[in-house]
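S.K.: Listed below are the residues making up each chain.
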Amino acid sequence: MTVADARVDVAQLARWLERWQRLVHRDRDRLTELDMAIGDADHGLNMDRGLTAVVEALHATAPSTVDVLGRSVGMALVSTVGGASGPLYGTFFLRFGTATGAVEAVDAAQLATALRAGVEGMAARGHAEPGDKTMLDALLPALAAFEEAADSGAATAAGSAVAAAREGLDATLPMVARKGRASYLGERSAGHLDPGAASAVLLVEALASALAEET
Amino acid sequence: MKKLVNDPQRVVADSLLGVEAAHRGRLAVDHEHRVVYRADAPVTGKVALVSGGGSGHEPLHGGYVGPGMLDAACAGEVFTSPTPDQVLAADRLVDGGAGVLHVVKNYTGDVMNFEMAAELAAAEDGPEVRTVVTNDDVAVEDSLYTAGRRGVGATVLVEKIAGAAAEEGRGLAAVADVARRVNEAARSMGVALTSCTVPAVGTPTFDLAEDEMEVGIGIHGEPGRYRRPLGTATEIAEHLVTPVCDDLDFTGAPVIAILNGMGGTPLIELYLMYGQVAPLLEARGIAVARTLVGNHITSLEMAGCSLTLLRADDELLRLWDAPVDTPGLRWGT
Chain A
228 MTVADARVDV AQLARWLERW QRLVHRDRDR LTELDMAIGD ADHGLNMDRG LTAVVEALHA
288 TAPSTVDVLG RSVGMALVST VGGASGPLYG TFFLRFGTAT GAVEAVDAAQ LATALRAGVE
348 GMAARGHAEP GDKTMLDALL PALAAFEEAA DSGAATAAGS AVAAAREGLD ATLPMVARKG
408 RASYLGERSA GHLDPGAASA VLLVEALASA LAEET
Chain B
-3 MKKLVNDPQR VVADSLLGVE AAHRGRLAVD HEHRVVYRAD APVTGKVALV SGGGSGHEPL
57 HGGYVGPGML DAACAGEVFT SPTPDQVLAA DRLVDGGAGV LHVVKNYTGD VMNFEMAAEL
117 AAAEDGPEVR TVVTNDDVAV EDSLYTAGRR GVGATVLVEK IAGAAAEEGR GLAAVADVAR
177 RVNEAARSMG VALTSCTVPA VGTPTFDLAE DEMEVGIGIH GEPGRYRRPL GTATEIAEHL
237 VTPVCDDLDF TGAPVIAILN GMGGTPLIEL YLMYGQVAPL LEARGIAVAR TLVGNHITSL
297 EMAGCSLTLL RADDELLRLW DAPVDTPGLR WGT
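For the protein sequence lines, the chains are A and B, in the order given.
Taking our numbering, the leading residue of the first sequence gets 228, the next gets one more, and so forth.
Taking our numbering, the leading residue of the second sequence gets -3, the next gets one more, and so forth.
This is chain A alone, in the form it adopts within the complex (with noise of 0.2 Å):
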């Protein structure tokens, strides 16, 4: 068996969310200051929040399937993120479920779809760009890295994303905002880094720690 055709397994999947949720409640403040700069001065507040209910629920269901775990994911999004990163993350993981069906585990192209849609899924929902100063700013490069080295396996997979994320994140500083709250701002909205940007870097970082830990 080669590297590539390793399976990354529910738990793994789940461990991911938990990782997540840790990286966001220990940025929280960072997250929230950088939205009071061009926001509503709540994403730090609302993520923690929001992935706090996501753990719980995951703890409470233990989902066998991925595509479960990204329902139950999704809908906790959903419904306790609010605003807009709610719907956008909720439906990342809505698509994410349902592109890989009632499997238990996935190879890392499998993983790599799945993580296509739900990017794709996020930016239909925002109707959003690249360019416009969005989560799909650090997504998209990080996705299109994870694909580009998925042979070489998952964990090496999500470690080229997460650098890709990171530079994804810093060119959003110059960028004028195109969506969202901070699109009123116009130009007053470039100097400074997009608050969902940041956290979509640390979904990234999040996987790529919890798929080291098995390799």
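These are calculated hints, taken from the structure and not from any lab test.
Where hints are given, some of them may not hold.
[What the hints assert, rightly or not] For each label pair, taking beta carbons as the anchor points, the in silico distance ranges come out as: (1) B:208 - A:289: 48 to 58 Å; (2) A:272 - B:268: 33 to 43 Å; (3) A:289 - B:2: 47 to 57 Å; (4) B:40 - A:283: 37 to 47 Å.
[To be verified] Here are some of the chain B residues that sit facing chain A, going by a computed Cβ distance under 7 Å: (5) 77; (6) 80; (7) 104; (8) 108.
In this text, all values refer to a predicted model and were calculated from it rather than measured experimentally.
For each residue, glycine too, the CB sits at the ideal point set by N, CA and C.
Starting from the known structure of chain A, arrange chain B on it as the hints suggest.
M.R.: Coordinates of chain B only, in the frame set by chain A:
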């Protein structure tokens, strides 16, 4: 900050207890989903109107639930959109078999959450849903490079007029058409004299000096078009009338005018303002057929006001005049 609260985190839940106690027999409250709905819902065969949004804009939306207007309103946290499960619960409570019209103000969060609710309804064999998004705030440039114009005063007009159309027994597509027609013919502009304070935050949403005003303010304290020294009522009236009338021709049709308070301005000043606005409209050849002065879509305790004009026609006027029986608007019953 002094507020009448027990626990700042429970302001919405506790306020809904009061809505239930004050309007027993007319309104009912689903506290789990934070939905205010007509006590006689579902009304069989009638298109149901469901709206909602962040709390803090009262009487919008819960105060407009009742015969002739909304069937249900979903209350989000203060200035935060309600979630899809709330909206879906509201749809189920009030669907009378003729479908549901969602009335949604154009804010990124509201649009996405109502959209997901409509998708869930479709996926779970729920009621048929149509949506109208209100976007009448001329303070925001309407372009591909923003989230688009915000929904403000037109929302009250849409809820009243489309509510009357539904009460007449029109079908879902026809009610949605009326709602869209109202939104397309309405424009608004607001001004803030002070900020507001979200109870759970405890500090003012933005800073505005004692001698300044924010022209083009959003109902959540979003920045306006410009900030300038506070003017007289006459000067402020110009700052509202000019951008609204530059954006749409209101001559040659009966107009419905709303002079709306933001929550912290007394009625005496709102009437004083309308006294300044009315001659400016007349000088432009605009014939106001109906007027509403008062607090209709507020921003907590923000001081200031907004002007909304609707280019109506005989049919829209007739629907506006139709009986309505809600805590916020009541006539003809």
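S.K.: Each hint needs a verdict: does it hold in this structure or not?
M.R.: Going through the hints against the structure:
Range check, residue 208 (chain B) to residue 289 (chain A): Cβ separation about 56 Å, and the 48 to 58 Å hint holds. Restraint check, residue 272 (chain A) to residue 268 (chain B): a C-beta distance of roughly 40 Å satisfies the suggested window 33 to 43 Å. The given range of 47 to 57 Å is broken by residue 289 (chain A) and residue 2 (chain B), whose C-beta atoms sit roughly 38 Å from each other. Range check, residue 40 (chain B) to residue 283 (chain A): Cβ separation about 40 Å, and the 37 to 47 Å hint holds.
The beta carbon of residue 77 (chain B) is positioned within 7 Å of a beta carbon in chain A (closest approach about 6 Å), and the interface hint is therefore held. The interface hint given for residue 80 (chain B) is met, as the beta carbon of that residue sits about 6 Å from the closest beta carbon of chain A, less than 7 Å. The restraint placing residue 104 (chain B) at the interface with chain A holds, with a minimum CB-CB distance near 4 Å, inside the 7 Å limit. At about 4 Å, the closest approach between the beta carbon of residue 108 (chain B) and any beta carbon in chain A falls short of 7 Å, and the interface hint on this residue holds.
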